[in-house]
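One letter stands for each residue in the lines below.
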Amino acid sequence: MSNVSEKTAVAAREMIAFLVASQEFCVDVMSVREIRVWTPATPIAHAPNYVVGVVNLRGAVLPIIDFAARLGFPPTQPTTRHAILVAQIGERSVGLLVDGVSEILTVTQDQIQPPPRVGAEIASKFVSGVVAIQNRMICVVTLDSLVAQSVDSMAA
Amino acid sequence: MNIDNLKLRTKGLIPLVIMTLVVAGMVAFGAAKLAAISDAAGEIIEHRDVAAVDLVRATRAMMEAPYSAFGALLYDPNAPEGKIAVAGFPKAIADANMFFDEGSKLAPDKAGEISKFKDRFQAIAGKAKRPIEIGKAIPPLSLGRKIKPEELDQFAEGAVLMAEIDMQTRTLISDIVEFNSKLIAENAQAAADLRAQSSQATTLLVAVGTLATLLAGAFALWLSSAKIAAPLAQLAGRMVALAKGELTVHIEGQNRRDEVGDMARAVLVFKDAAVENARLGREAVARSAEAEGEHGRNEEAQRSAIEQERAVVVLSIGAALSRLAAKDLTFRMPADIPEAYRKLQADFNEAIAQLQDAMRSVAGSADAIQSGTHEIATASDDLSRRTEQQAAGLEETAAALDEITATVKRSAEGANHAREVVVAADGDVKKSAVVVRQAVEAMGAIAKSSGQISQIIGLIDEIAFQTNLLALNAGVEAARAGDAGRGFAVVASEVRALAQRSADAAKEIKGLISTSTTQVDQGVKLVGETGKSLERIMAQVTEINDVVAGIAAGAKEQATALQEINTAINQMDQSTQQNATMVEQSAAASHSLSQETAQLSSLVEQFKVGGASDGSAMRRELQKVAPHAFEKPVRRPAPSAPAPAPKLKVANGSAVSKSKESWNEF
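From first to last, the protein sequence lines stand for chains A and B. Residue numbering for the first sequence is 6 to 161, as defined by my numbering. Residue numbering for the second sequence is 729 to 1394, as defined by my numbering.
Just so you know, these hints were derived from the structure itself, not from any lab. Model, not experiment: these values are computed from the prediction. Glycine included, each C-beta is placed from N, C-alpha and C at the ideal position. Misleading hints may appear alongside valid ones.
Claimed, not checked - Partial pick of chain B residues on the chain A-facing surface, computed with a CB cut under 8 angstroms:
#1 Q882
#2 F1193
#3 L1197
#4 L1200
#5 G1203
#6 V1204
#7 A1207
Said to hold, decoys possible - Label pairs and their computed distance ranges (CB to CB):
#8 B:A1173 / A:S27: 38 to 44 angstroms
#9 B:L1226 / A:P53: 35 to 41 angstroms
#10 B:A1267 / A:S27: 54 to 60 angstroms
#11 A:G105 / B:V1162: 47 to 53 angstroms
#12 B:I1184 / A:M142: 33 to 39 angstroms
#13 B:S1182 / A:V135: 38 to 44 angstroms
#14 A:G105 / B:S1182: 52 to 58 angstroms
#15 A:Q114 / B:K1235: 34 to 40 angstroms
Said to hold, decoys possible - Simulated coverage check for chain A against chain B, where a stretch passes if three residues somewhere in it have a Cβ under 8 angstroms from a Cβ of chain B:
#16 68 to 75
#17 100 to 110
In isolation and in its complexed conformation, chain A is listed as follows (with noise of 0.2 angstroms):
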């Protein structure tokens, strides 16, 4: 613990780790607003395919994002075990549907590599880079450029 404290003393980032379609990615925990149990949607007329629709959060309308869709993998069919990431990206709050959240990760910044420079730049406008430890490859989303387009889309 003590050795944990130092580190992030040096440049620590606090990251919460999430699956999706059975891939880890992590955000940082500071651009994340709460995490909340799946609750239906409403659908959303003429909404991009990724976009499930919009639930009611404590009088506020939230959009919700469906991960694994987003990325090009299959929709995601939702259930109770499904969690919904509360995500503050610059003023707006999201939701992004993830298989499962798992845990809070304190990763110092030389942890943190830079994706491969290889084949699909879309990848890459998503991921700004990948962690690895213990035997796992955890993606770091850039949430601006996940929801950017989409949201402004939406939004016009």
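Keeping the supplied structure of chain A fixed, place chain B upon it in accordance with the hints.
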């Protein structure tokens, strides 16, 4: 009395003729009686007794028929005993018919009743075909084999038919046995009548013969003494007196027309002449003594010659009659007889020759009768022996039936025991069914509890999930709080770990519960199948119970039927033993008949009818007998006549005791 007027020759012939007539009458009577008795005895032994034996054999064959039918019903048709039973049935019917037909032929007057018996038996035999077909159709009884209900029905039908047949056969057999007893009683009565008749005839023959011989002898004695010898002796006395010169003597019998009369008249002439001579002598006293003596001598010689001649004749006739009275028919009057009596001698010899021939034929007949009665006795002995063998065979049959009865009883007991065991098994199966039902219910309860546990585990899992989320949220808040929230972050992490462990444990329990539920489902299925199997077993056990009950009832009926057959066989055995006794008595009767015939033969043999061998003995006897010619024949029949009677009794007594002994042995 005109006998005095008959010639001496005629007087001599009268006893001979009477004797001949008596003997001829006795012979004719005896021959006729013996022929009648022989015919009647032949009828009894060759026909009536054989008919009775045939009926007994027929009943034996009739017993064989249902017995074979039983065998055919019970045994495997392919097993040796089954084959014997199936083959024995038609043979028994054929035997019974054959014996009935023989019985009808041998006793034509009973043919109607025997034919009725045969018809009744045919009806019974016709019914017995169905059980034999059933016996061929259904599989045989064997241990451990299941009997199908339809087979059991057939078997029961066969058993019912057999019971009916058995009852009818028993009735028929008892009727036949009764009829047979009557027949045998008739035969015994006829044999007894025959024996009485025979004994009566013998007694009559002996009595009449003895009486006739006595009468004829007495008559001959009287005739020769009073009518021949006495007048001659008297005349001789008168002649002697006359010869002595008693000229006053009275000469009797001058009015007789026989030779004695002639002689008396002649003597009277002599007497008159003598009187005349005396008168002349007295008148011519002076005649010379020589002439007078010569005259006297001549007269003396003539008289003595006549007297001598007659004495010889009387002696010869007396001797001949004495030999005749001594039952010697071989004797002939010698030829040295005066010329005047030659005709008398020839007639006597002719008559005695005739008598000899007649006696010889009587002796031949008696011999033939004796050999006939001997054959009858032998046949009776054979019959007796065969009847004893039959009785022994019947006894063996009864013993075999006893064994079969015991076997059937044992199988009935076995069937009863099997039934009890089946009832117990039935009860156990019913209890097992209850247990299985309870097990199924318990399994259901376990499954239900598992479901409930599953739900609770789901709830726990849900709570763990929620807790995890809450802990994550807490962690997020702590992270946002920066250094101030660090401790809180640690607590949130611990809470999250706890929630994770709860979720893992819940998952594990869920897996275990799911396995348990699967196993319980399988157990429920298995227990359900066990219950169904038990129900099927219960149905089969019930069926087995019914079948075994049917078998037990059938075996009991069989045992009863066999017991009744056994009783019938025992009755037959007793009847056959009684038959044997009666046949023994019949044999004894024929033996005594034979002995009586032998006595008749010995009676006839007392008459000497030929045989040169005892000629010298006869001559010696003649010499001995001649002086007392009229004493012995009178005495001899007297002691000899009663002699056979005690002998006869002894013979009868011994025969009876013998038959009793043999009965005891039997």
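Status of each hint after checking the structure:
1. Q882: violated (72 angstroms)
2. F1193: With Cβ-Cβ at 7 angstroms, under 8 angstroms, it holds.
3. L1197: holds (5 angstroms)
4. L1200: holds (5 angstroms)
5. G1203: holds (4 angstroms)
6. V1204: holds (5 angstroms)
7. A1207: Because about 4 angstroms separates A1207 (chain B) from the closest Cβ in chain A, which is inside the 8 angstroms limit, the hint holds.
8. B:A1173 / A:S27: 38 to 44 angstroms: Holds - the Cβ-Cβ distance for A1173 (chain B) and S27 (chain A), about 41 angstroms, lies within 38 to 44 angstroms.
9. B:L1226 / A:P53: 35 to 41 angstroms: About 40 angstroms separates the Cβ atoms of L1226 (chain B) and P53 (chain A), which means 35 to 41 angstroms holds.
10. B:A1267 / A:S27: 54 to 60 angstroms: For S27 (chain A) against A1267 (chain B), whose Cβ atoms are near 58 angstroms apart, the range 54 to 60 angstroms holds.
11. A:G105 / B:V1162: 47 to 53 angstroms: holds (52 angstroms)
12. B:I1184 / A:M142: 33 to 39 angstroms: Given a distance of about 38 angstroms, which is inside 33 to 39 angstroms, the answer is holds.
13. B:S1182 / A:V135: 38 to 44 angstroms: holds (41 angstroms)
14. A:G105 / B:S1182: 52 to 58 angstroms: For S1182 (chain B) against G105 (chain A), whose Cβ atoms are near 22 angstroms apart, the range 52 to 58 angstroms is violated.
15. A:Q114 / B:K1235: 34 to 40 angstroms: Check passed, 36 angstroms falls within 34 to 40 angstroms.
16. 68 to 75: violated (count 0)
17. 100 to 110: Holds: 3 residues of the segment 100 to 110 of chain A have a Cβ under 8 angstroms from chain B.
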